[in-house]
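Q: Reassemble the complex: the two chains are provided individually, in unrelated frames, and hints are given to aid placement.
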Amino acid sequence: MKPHTLSVLVENRAGVLSRVAGMFSRRGFNIESLAVGTCEEPNMSRITIVVNGDDGVVEQVMKQTNKLIDVIKVSDLTKRESVERELALIKVAAETGPSRAEILQIADIFRAQVVDVGSKTLVLQVTGDTEKIDALEKLLRQYGIKELVRTGKIALLRGAKTVKSSK
Amino acid sequence: MKTGARTLIEALQREGVDTIFGYPGGVVLPIYDELYDSSIRHILVRHEQAAAHAADGYARASGRVGVCLATSGPGACNLVTGIATAYMDSIPIVALTGQVPTALLGNDAFQESDITGITMPVTKHNYLVKDAADIDRVVQEAFYVARTGRPGPVLVDLPKDVSTGVVKEGTPVPGTVSLRGYQPTYQGHVRQIDKALDLIATAERPLVYAGGGVVLSGASAELLEFMETAAIPVTTTLMGLGAVPGDHPLCLGMLGMHGTQSANYAVTECDLLIAVGVRFDDRVTGKIETFAPNATVIHIDIDPAEIGKNKKVDVPIVGDVKAVLQALLRRMQKRGDTANWVARIGAWKAQYPLCYRDDDHLRPQYVVEQLSDLLKGDGIVVSEVGQNQMWTALYYCFKKPRTWITSGGLGTMGYGFPAAIGAHYARPDLPVVDIAGDGSFQMNIQELGTVAQYDIPVKVVILNNMYLGMVRQWQELFYDRRYSYTELPPVDFVKIANAYGVEGLRVDEKAGVREALETALATDGPFVLDFRVEREENVFPMVPAGAAINEMIGVRQQ
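Taken in order, these protein sequences are the chains called A and B.
Counting with my numbering, you get residues 186 to 352 for the letters of the first sequence.
Counting with my numbering, you get residues 8 to 565 for the letters of the second sequence.
Hint data in this document are derived by calculation from the structure and do not stem from the laboratory.
We treat Cβ as the ideally placed atom computed from N, Cα and C, and that holds for glycine.
Hints are not guaranteed to be accurate.
[As the list claims (entries may be wrong)] Computed cross-link-like contacts, PhoX-like style, restricted to lysine-lysine with a CA-CA straight-line distance of at most 20 Å:
hint : chain 1 : residue 1 : chain 2 : residue 2
1    : B       : K9        : B       : K202
2    : A       : K349      : A       : K276
3    : A       : K317      : A       : K187
4    : A       : K331      : A       : K276
5    : A       : K248      : B       : K319
6    : B       : K137      : B       : K9
7    : A       : K248      : B       : K318
8    : B       : K316      : A       : K248
9    : B       : K202      : B       : K319
[To be verified] Restraint ranges, calculated between C-beta atoms of paired labels, are given here:
hint : chain 1 : residue 1 : chain 2 : residue 2 : range
10   : B       : D40       : A       : S203      : 28 to 36 Å
11   : A       : N228      : B       : Y193      : 22 to 30 Å
12   : A       : K349      : B       : E235      : 44 to 52 Å
13   : A       : G200      : B       : N317      : 24 to 32 Å
14   : A       : D239      : B       : Y490      : 40 to 48 Å
15   : B       : E235      : A       : G200      : 45 to 53 Å
16   : B       : V197      : A       : V334      : 30 to 38 Å
[Said to hold, decoys possible] Selected chain A positions facing chain B (in silico; Cβ < 7 Å):
hint : residue
17   : I254
18   : V256
19   : I257
Bound conformation, chain B alone (with noise of 0.2 Å):
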């Protein structure tokens, strides 16, 4: 006889989890007093959110699933923010929560909250386990669900009596999964990907348009053939940034509300639209009915659901990117003339960089090009939210995937340190940098005593303008500088990192940044940058909400 604890450790070893990210309570002690001598590591965090976006930034940098685990009531209340951002950019996390003992269910006992009614919005699919004998099959089934298909968080409910409950020893371990309600589609139709290669065949102006789901398939190399092999330009979104290498000649960089003028033009008068991974996202497209008005669209994704929801599409391609990108390789037999469209996509690249004024202040975006320059795409880049994440994106050149960590769906402040954490357990052979705000740093700036604890070597770089940043731009350009409620008062970080065993620094000095930034990654443990950039700093091009994508603010003029 084992208990349902034991059976629960046991079951996660099976999937290969070798790190927990967690924080104990009342009804876990039974999961805690297991975990005591087990081979799993678990990393204490100090607040369960943390524990959330932890196992999400495992989970993007390793591609594997990320697991945390939280007491019933309060602490699985706090795993939520956590759980809806993993929801909105499909990544696989597997959420453990406590509950209260089966008997005192649904009775307002102690710490007791409905978790699964409650993540039911934000889950993939979620369990309420009733018998020590399913913990088995439903962890089985909770990992499967959530790495296959369009990933997604699972959740899983263990009341106090199941973890103390018996399971026989040597009950069989089912084998493989069969779920009859779920049966993601990977290959893609045959018929659909052929009237693709003929629209590819004859496009002028053919665009990619990728995004998080070629990261998310493994697809990068399968899409940088694609793109060489039929000469096509690419554009990425927030989320498919580091998909192709961004230095590359085909790579327009980003598109959508602070995406590039050569991007946002490509999209605009391109008459082919190969949307590969991508959802459509207000966020990228603008005025929906403006966007890539001249374009026949091909739509590749794993998820029927995405294709047709926000733009009609012609040729609709279900299946998981990779083996689609892979059929269309290998059926491809003729590529369109796009010498032209490429020289003008070139030129357009050429007149309209990205700049601001550099002048002999701190900016930001400063910061992130010397970071940019110093990692060379080869560190792990994980933002907060709002500023410090645009002009991350915009100035970082990524080049690998899985490099570039961030909340785009659900646009998560407090985000970027917890995850970074998570990055760093999943990859700890490279460098993990989380660009901040002063804003977004507060909502998780707890974690410094579990960087402290664990001396992880997660350097974090603040670009702070006292001001809730993204927020005050708005007010800037749309309120009539009406600055309501967005000034934050100094805080001194350096200390605060201090007070916690962690270093820091300030520079309030653009000459400083450098030699600050090659300190830092020096550091073997963690380290805490305090960048006193320019306060009423923008991020532009912008497009106004409402607008169409060519429709840019903060640009030269076409």
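Just chain A, with the same shape it has in the complex (with noise of 0.2 Å):
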């Protein structure tokens, strides 16, 4: 049970993520995170989908999700070399004092950006992979965070090589 990147191409069209989720969820598929957004083609979207499972699990996934009409291509970037990146924002308790300086200094070591400076708190931005933001979470959460969101995982093949639409 290892976490996989699936990169899914779809039509950009009404109803496609909900096609998508529907049938992670009828067919018991958990998924970790998600991410939609437009792509490089005008008349379609790529969804970004981080699913547990073993490989038997992961291979349905892909085939179920496939078989989906409006679906154009799924690719496993778990198995290939590829850059992944979420986002996270963070609100973070920091009165002025040394804990202000201190949470400052941390954001730097993670090149985190300061977004917001409030009398009481602040909000950081910082992205990286999942174990980074894990990192930051953690190291701020002794100052207390008052609020936190995060993006689902994107990912792209690193190098000149793409997942085109040639299903």
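A: Next up, the structure:
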């Protein structure tokens, strides 16, 4: 059981996300994270889905996803060289004083950006892989995380290779 | 300029639609107005569920796409069971539904339901048409998706303002359908086919496990040639009955929960299992770990997602069953020596025939046997679901594909009678008999109105035991005979039939069975036969849930 990152190219049409998500829930596949948006082709969208499961389960996930008429291509990026990124916004308690300075130092180390400064809080924006964001979250917890939001993971193959619509 | 409704009718005609099963309502008024003087025949059912089942029965009997039509909201919702039935058995139907006007969508308008959302899990694909200009393309795509690849139901939802909307006259009709997300594989991979042939050449105990995919693909002739050329015995699933002649020496009948002893023993002992157009359903495999435990597995199916879903496969071949069997036959150079195995199977068949107590009681198996003897495989037999279905599967000898119509995957009670109506319109040249239980028949009994109105010569054979027989059987065997809510009070089905203007006959004695069946078959119109059968007769053989399929009860032990 390890997380697989699937890149799913779909028609950019109403209801496509619900077809994909509905199929996952109906067949009992667990979605770890999901991110969807437009892509390089004007009439297509790319959904990046992280699922947990052994190879047999992931094979079924891919085949069942592929069966949907509006799905153009499904690729498992886990088996190939890829860049994977998530983004998180973290609102952390930061009263003026030593803790505020510490938080800024930590942010600096993680190359997180301060995107909002309040008298009692800072909002940090951080990008990276899952582990990096987990690590930052863990470090900031001691100061008090007021609110946190993470995107699903997005990913692309490294090098010149692409996930093309050649289904 | 023409309306969306007119455009729809013309698009249906281009697809070769000759019959629609439907029920009118508010938002489909524009479509019904066009149907009024259209060349397409419309059959008014008495409940929308029956429209979907009739379209399904039409599709199964003909191999063409069946069409049903219902209004929005409750009409569309009533189609759902029928659509799900077709989906589970991969039957091509197109369901047309009316919808509230686009401006009211999502407003909880009168008779609004999100039918594309509701049917998403039970359709191969569905469409909500928002512009009349899209009707031509959507209808063409819907029929294409329904009948190609692994077939299945497609729903097209048409808001009222789309039906009344205008389309420019002479708008060019789209040419061929091309969907970049949908390109089924028809030809099997040559390397895989050769791998399969190597296994076939060396197998000592090969067995073909054939299913509904053979019927859907129209591959009966190829399968027969393959089994005879390679001298390989065949067992079929419930959906595969009729794919090969039931009385063929190499045919073992049905396997699985209510399979024959010889079929289930053969699966357990075979060293090569050639699965053709099947999906290793739990009712077939029993405990999956002990299903074909000694076999190398070849799996031929058009749907890649079925391969490896339930059972590990050694040689997967994705492709149309017919095309793959043709390739196997073309490339076959050597067959294995199966003489000993075939002889062993012949001995099993002789040693373990199907049997029931042959006394002077009126037993349901006897009724089915008599019908089989009268129709000789030349009619279309439809069943409901439960004991009636299993007795028919076991005791009726199916000889040709598309002569057996039953709800396999979903197991929909009430399916048979309306499906028989559909089958009649697909094959008016053949007698159509629905074998029913008293429970199932009462689920769509209102269709007596339809058969009476159109004088549809469907014969209903009720194996009436005044129980929900299959559930009662499980209660008897596994719940200490506690018959919780499975007893049905007697119903005078003849009177009900007569009230609709349909002829009927009640039979209480075994001696009257043959004559009653002959009378019904000789009658021009519809007919209801109420056979008061032995009440606590069971379907055997039976594999208890969770057991291996060679662990059958109700049989002579090996």
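Q: Are the hints correct? Go through all of them and say.
A: Each hint tested on the structure:
| no. | hint | in the structure |
| --- | --- | --- |
| 1 | B/K9 to B/K202 | violated (57 Å) |
| 2 | A/K349 to A/K276 | violated (38 Å) |
| 3 | A/K317 to A/K187 | holds (18 Å) |
| 4 | A/K331 to A/K276 | holds (5 Å) |
| 5 | A/K248 to B/K319 | holds (15 Å) |
| 6 | B/K137 to B/K9 | holds (17 Å) |
| 7 | A/K248 to B/K318 | holds (15 Å) |
| 8 | B/K316 to A/K248 | holds (10 Å) |
| 9 | B/K202 to B/K319 | holds (16 Å) |
| 10 | B/D40 to A/S203: 28 to 36 Å | holds (33 Å) |
| 11 | A/N228 to B/Y193: 22 to 30 Å | holds (27 Å) |
| 12 | A/K349 to B/E235: 44 to 52 Å | holds (45 Å) |
| 13 | A/G200 to B/N317: 24 to 32 Å | holds (29 Å) |
| 14 | A/D239 to B/Y490: 40 to 48 Å | holds (44 Å) |
| 15 | B/E235 to A/G200: 45 to 53 Å | holds (49 Å) |
| 16 | B/V197 to A/V334: 30 to 38 Å | violated (52 Å) |
| 17 | I254 | holds (4 Å) |
| 18 | V256 | holds (5 Å) |
| 19 | I257 | holds (5 Å) |
Checked against the numbered hints listed earlier, the structure breaks hints 1, 2 and 16; every other hint is satisfied.
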